[in-house]
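A.B. asks: Listed below are the residues making up each chain.
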Amino acid sequence: MTTPVLDVRDLFYAYPDGTRALDGVDLHVHRGERVALLGPNGAGKTTLVLHLNGILGGDAGSGGGTVEVSGMPVRRDTLSEIRRRVGIVFQDPDDQLFMPTVREDVAFGPANLGLRADVLEERVGEALAAVGMAAYADRPPHHLSFGQRRRVAVATVLAMHPEILVLDEPSSNLDPASRRELAEIVQRLDVTVLMVTHDLPYALQLCKRAVILSQGRIVADASTREVLGDAELMAAHRLELPFGFNPAATR
Amino acid sequence: MGADHRHTLHLNGRSRVHRLPAHLKILSTLAFALLVVATPREATWPYAVHLAALLLVARAARVPAAYLAPRLVVEVPFVVFAVALPFVATGPRTTVLGLTVSEAGLVAAWALLVKGTLGVLAALLLAATTEPHDLLTGLTRLRLPRQLVQIMGFMVRYVDVVTGDLRRMSIALASRGFDARSPRHWPALTRCLGALFVRSYERGERVHLAMLSRGYAGSLPVPDAAPWRSGDVLVAAALPTMAALAAAAAVLAR
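In order, the protein sequence lines correspond to chains H and P. Counting from 1, one number per residue, gives the positions in the first sequence under this note's numbering. Counting from 1001, one number per residue, gives the positions in the second sequence under this note's numbering.
You can trust all of the hints, since none of them are fake.
Rough simulated footprint, nothing fancy, chain P against chain H, three-plus residues with beta-carbon under 8 Å:
1. 49 to 56
2. 105 to 118
A few chain H residues facing chain P, derived, Cβ under 10 Å:
3. 79
4. 87
5. 153
In case anyone wonders, no lab produced these hints; they're calculated from the structure. Heads up, the beta-carbon is just placed ideally off N, CA and C, and yes, glycines get one too.
Construct the complete structure from the given sequences, taking the supplied hints into account.
C.D. replies: Structure below.
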């Protein structure tokens, strides 16, 4: 079998107050997969995401375990390459977009990788085109609509040519049209995706496979349809389908 | 949020003044302000020349007086101080409009008022013709310490986000019967400001996390080297040259 893009083994993490956030997480994601990471609030989803690119881990709270990205372990000396390989799109685009113009913001990541001039321009253009925002390159991010800002946030990460795209609550605060547009963009991308979400229909639409993280452990790992269809499992982990939504009825 | 909401100091335009590189405009404004300050305060006419020079620039930039005038209010604290000066300063007295005032104070007040106004006008013209973002690039090109420019850049980027937070908080407060004029409600106001500070601080932390996630290692991308085209330099030099001539003439005429 090929090396997984994401290989998390037996990962532990405790917050300074002793709360166990991750309690032995095992997760493997293979190339081309789109995986939904589900779980109730406080399950440790964000903590897990911040381990994937080495923001957390390796400090006092980490209690062992390893994270490897395409075979490269997350360590202090591999951080810059790890952060290229793992592209995290945070929930609030205002946290992610901080440069004066869209173009400069998208260029920020690849410039940190050492790209300059034409190659950099090309990366920026290509990433903005991938999310349909090429026409907005010279606009300041705070003049865009929320949905547009989220798309630009995705572009800022795509410009680094990540091996895995990690989306944190990609559909939150989006109106239905922006939500659909973002889904179409994600479906078009040729990249491995890990999507953290409470939006279960979105998970079903975009991801074949879903895992449930609950109390710091992966408690389910199966096809999204199977996971969402298992009423007992869902109830045990405070997951609920929206009113009137039947995963078995959708194609 | 739409494209209509702009930074209120900037006036869109495509004039020669607008197109001038920001670092040249900053230098020109700075030189002008220094020359105004250096002009002897005894004569009136050099200041008329300074003002005329500024008005010429405003005309070239197509910035209407109606745009500049209301923005001059920023100067008010200095005006108050200038008006107070003739009354509080010591020295020989003179009578103006039936009031006995200090002569030295009167001259100082005039100088403060006229130099302040000219400086503010010049700064307003700079702001009206230069996007905040270009100003930052200009400052970087002028070798201002990068940390300072970065702090200003974050301020420009997040001022809308933070004022948006504040607006939503005050709407939420008002919706629950809050009245900012009643002293009984002031404690709530201070807590609201405290909460705003904590929220902004936490946002700062999240922004930093997001930057680290994209490989930030302590420095932002460097803008290209500053272009010093002779045509631009000549245009930028026009304002300080006029000011220099007026100041020099005033010094010689003393």
